[in-house]
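Engineer: This is what each chain is made of:
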Amino acid sequence: MVTCTGCALLCDDIEVVVENNRIKETRNACRRGAARMKGCVNRLIPSIYQKPSDIDSSIKKAAEILKNAKSPMLFGWSNSTCEAQVKGIGLARKLNAIIDDTSSFCQGILIEKVLQKKFRTCSLEDVRNRADVLIYWGSDAQDSQPRHLSRFSYFPRGETRQRGYEEDRVAIAIDVRESNTAKICKGHFYRIPLKGDREFILALIDALSGKVPSYDTKKILELAGILKKAEFGAIFAGIGLTYSIKEDLVVLLTLVDLLPNFHIMPMVGHYNMRGFNENLFRETGFVNRVKFDGNVNHEDKYSILEVLKEKRTDALLVIGGDPLSSLPGTVVKHLSAIPVICIDPCATLTSKIAVVTIPCAVSGVESDGTAVRMDGETVKLSKVMENNYLSDEKILTRLMRAI
Amino acid sequence: MLTVMELYQLLPKTNCKKCGESTCMAFAVALLSRKRKIAECTPILEENFKKQREKLEALLLPTAGAEETGMIVHTELCTGCGNCVVACPVDVANDPKGAAIGRAPSNDKVIFKVVEGKVVASNIKECRRFGKNRVLCYACIDPCPTGAIEFV
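Top to bottom, those sequences are chains C and Z.
Under our numbering, the residue at position 51 of the first sequence is numbered 51, and the numbers go up by one with no gaps.
Under our numbering, the residue at position 111 of the second sequence is numbered 514, and the numbers go up by one with no gaps.
To be clear, the hints were calculated from the coordinates, so they are not data collected in a lab.
It is possible that part of the hints are untrue.
Said to hold, decoys possible - Stretch by stretch, here's where chain Z covers chain C in the computed footprint (C-beta under 8 Å, at least three residues):
| # | region |
| --- | --- |
| 1 | 80-93 |
| 2 | 137-146 |
| 3 | 154-162 |
| 4 | 173-184 |
| 5 | 330-337 |
| 6 | 379-387 |
Stated by the list, open to error - Derived BS3-like pairs (lysine-lysine); straight-line CA-CA distance at most 25 Å:
| # | chain 1 | residue 1 | chain 2 | residue 2 |
| --- | --- | --- | --- | --- |
| 7 | C | Lys24 | Z | Lys521 |
| 8 | C | Lys118 | C | Lys60 |
| 9 | Z | Lys516 | C | Lys38 |
| 10 | C | Lys24 | Z | Lys421 |
| 11 | C | Lys186 | Z | Lys521 |
| 12 | C | Lys24 | Z | Lys440 |
| 13 | Z | Lys516 | C | Lys183 |
| 14 | C | Lys24 | C | Lys60 |
| 15 | Z | Lys512 | C | Lys183 |
Using N, Cα and C, we set each Cβ at its ideal position, and we do this for glycine too.
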């Protein structure tokens, strides 16, 4: 049995057939996981200024760039193992660098509240065994975490939910479009306008506290009825919800206070984003957007977006991320002006403009370690096959030594 | 979904009985349930029925890969989420410690398995749509949002 690193579910029941040191066949993994485990189409090669080199001189050059930079930044981390993340935080401390990960434009804000224990949360096993009302809010789990519904939330039979989805569970989707998850929820799909989450929550709060909601009265009252009867509920908060209410998280807190049986779970995309948030939280008390300078500084201006927009960095190390394809064009313009170092198993858009590229092993397939599942559970990753690539952790150790 | 009348309209409609069936309508029914093949109707192989034969072949083409129960898995639509693996009542009964609770199937008695990120059907004789006491079960079609499983 192998652990899949395709998404933050970290399915640990995958079987693989290895032939000639290559994965020939995967069983039980979804399409996303199967593609991840089979590795890259275009493998990254070590290079300096677009010219092929060897890994030792690439690491040496990367160390030189980071050492000479006044305000270096380390970004990525969501696709690295916990061990590599801890090393990365150590490196940032040593370099007095800014460190941030993809959660700063993803679920960071919600995970922070979960880690600060402001929200009730639960494990995915609890969901499987006990949950009877599931709300997919602004999240298309069916497409983003394909095995979420079949492995944990809606379809399986649990200890106290022996009749599974047929009778014991209700799945509700609240979204701006009819996603694949909403198609499964069928009768319980609530379509809201863009940025309409706040109004929807306020109406739901009204309904739950005995007032007549001002908005879509009949449907909201019906939903409030279902929520009140729930024995164990889970709200799977997707990025749609987080983006829509990030300025006003208090409304969500108020809603959860009215629903004592409900638990919030941020739906994480990258396999170890929660791991980075937890590691940084443990060391600094913040989940992302940190600058070290002897002390720990946490401000919004240290997010990757603000740093690039305001040209606050003069060297960027990207590990297991691809800012060039995931951030808006106006923001990434600054990348052309500064040296970029890219550590990744595959060739990405960012690696194409990088000054130094360092290939690494695909974690969970070519290197082992640990990762944190979307519910905070630590899962061990296994090494499936032998190879010559260095793991993220080893690269960072050597980088640290060179600095 | 293909109907008997659609197939019947394209047959010669002469009730010649050369195929062994008493009428062309009966042959159309047998064709739909994949008990007979187009080539068993000898008159349609003649030149003057060429257009009708081609149409008929095109109509029956999607059912060519179907299992005995009429199941087709459209692998290009399947995302390998495994909803059908867990939802299938036969899988639940045959693998209560595996597929039934969302884990990977732990034995070979299950109907659905995910291989290479796509669902593969086996043990088709266990399917509730198979055999004498068959029922019109929709347990694997309903949970599939992409429509990758179809019965023809």
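Engineer: The region 154-162 of chain C covered by chain Z? Criterion: 3 or more residues, Cβ-Cβ distance below 8 Å.
Structural biologist: n = 4 at 8 Å, threshold three: holds.
Engineer: Is the hinted pair C/Lys186 and Z/Lys521 satisfied, with a Cα-Cα distance of at most 25 Å?
Structural biologist: 24 Å, holds
Engineer: At a Cβ distance under 8 Å, does chain Z reach at least three residues of the region 80-93 of chain C?
Structural biologist: With 0 residues in contact (Cβ-Cβ under 8 Å with chain Z), the coverage given for the region 80-93 of chain C is violated.
Engineer: Given the proposed pairing of Z/Lys516 with C/Lys38, does the C-alpha separation stay at or below 25 Å?
Structural biologist: At roughly 19 Å apart (the allowed maximum being 25 Å), C/Lys38 and Z/Lys516 satisfy the hint.
Engineer: For a C-alpha distance cap of 25 Å, please report whether C/Lys24 and Z/Lys440 respect it.
Structural biologist: The hint is violated at about 37 Å.
Engineer: Counting residues of the region 173-184 of chain C that have a beta-carbon nearer than 8 Å to any beta-carbon of chain Z, does the count reach 3?
Structural biologist: holds (count 4)
Engineer: Can you take a look at whether the region 137-146 of chain C is actually covered by chain Z? Rule is 3+ residues, C-beta closer than 8 Å.
Structural biologist: holds (count 3)
Engineer: Does C/Lys183 lie within 25 Å of Z/Lys516 when you go C-alpha to C-alpha?
Structural biologist: Roughly 23 Å separates the two Cα atoms, so the pair holds.
Engineer: Between Z/Lys512 and C/Lys183, does the CA-CA distance stay at or below 25 Å?
Structural biologist: With Cα atoms ~29 Å apart, Z/Lys512 and C/Lys183 exceed 25 Å; violated.
Engineer: Checking one constraint from the list: CA of C/Lys24 to CA of Z/Lys521, max 25 Å. Satisfied?
Structural biologist: This hinted pair holds, its Cα atoms lying about 14 Å apart.
Engineer: Next pair to validate is C/Lys118 with C/Lys60; report whether the Cα-Cα distance is within 25 Å.
Structural biologist: This hinted pair is violated, its Cα atoms lying about 44 Å apart.
Engineer: For the pair we were handed, C/Lys24 and C/Lys60, check the Cα-Cα distance against 25 Å.
Structural biologist: Violated, because 36 Å separates the two Cα atoms, which is more than 25 Å.
Checked against the numbered hints above, the structure violates hints 1, 5, 6, 8, 10, 12, 14 and 15; every other hint is satisfied.
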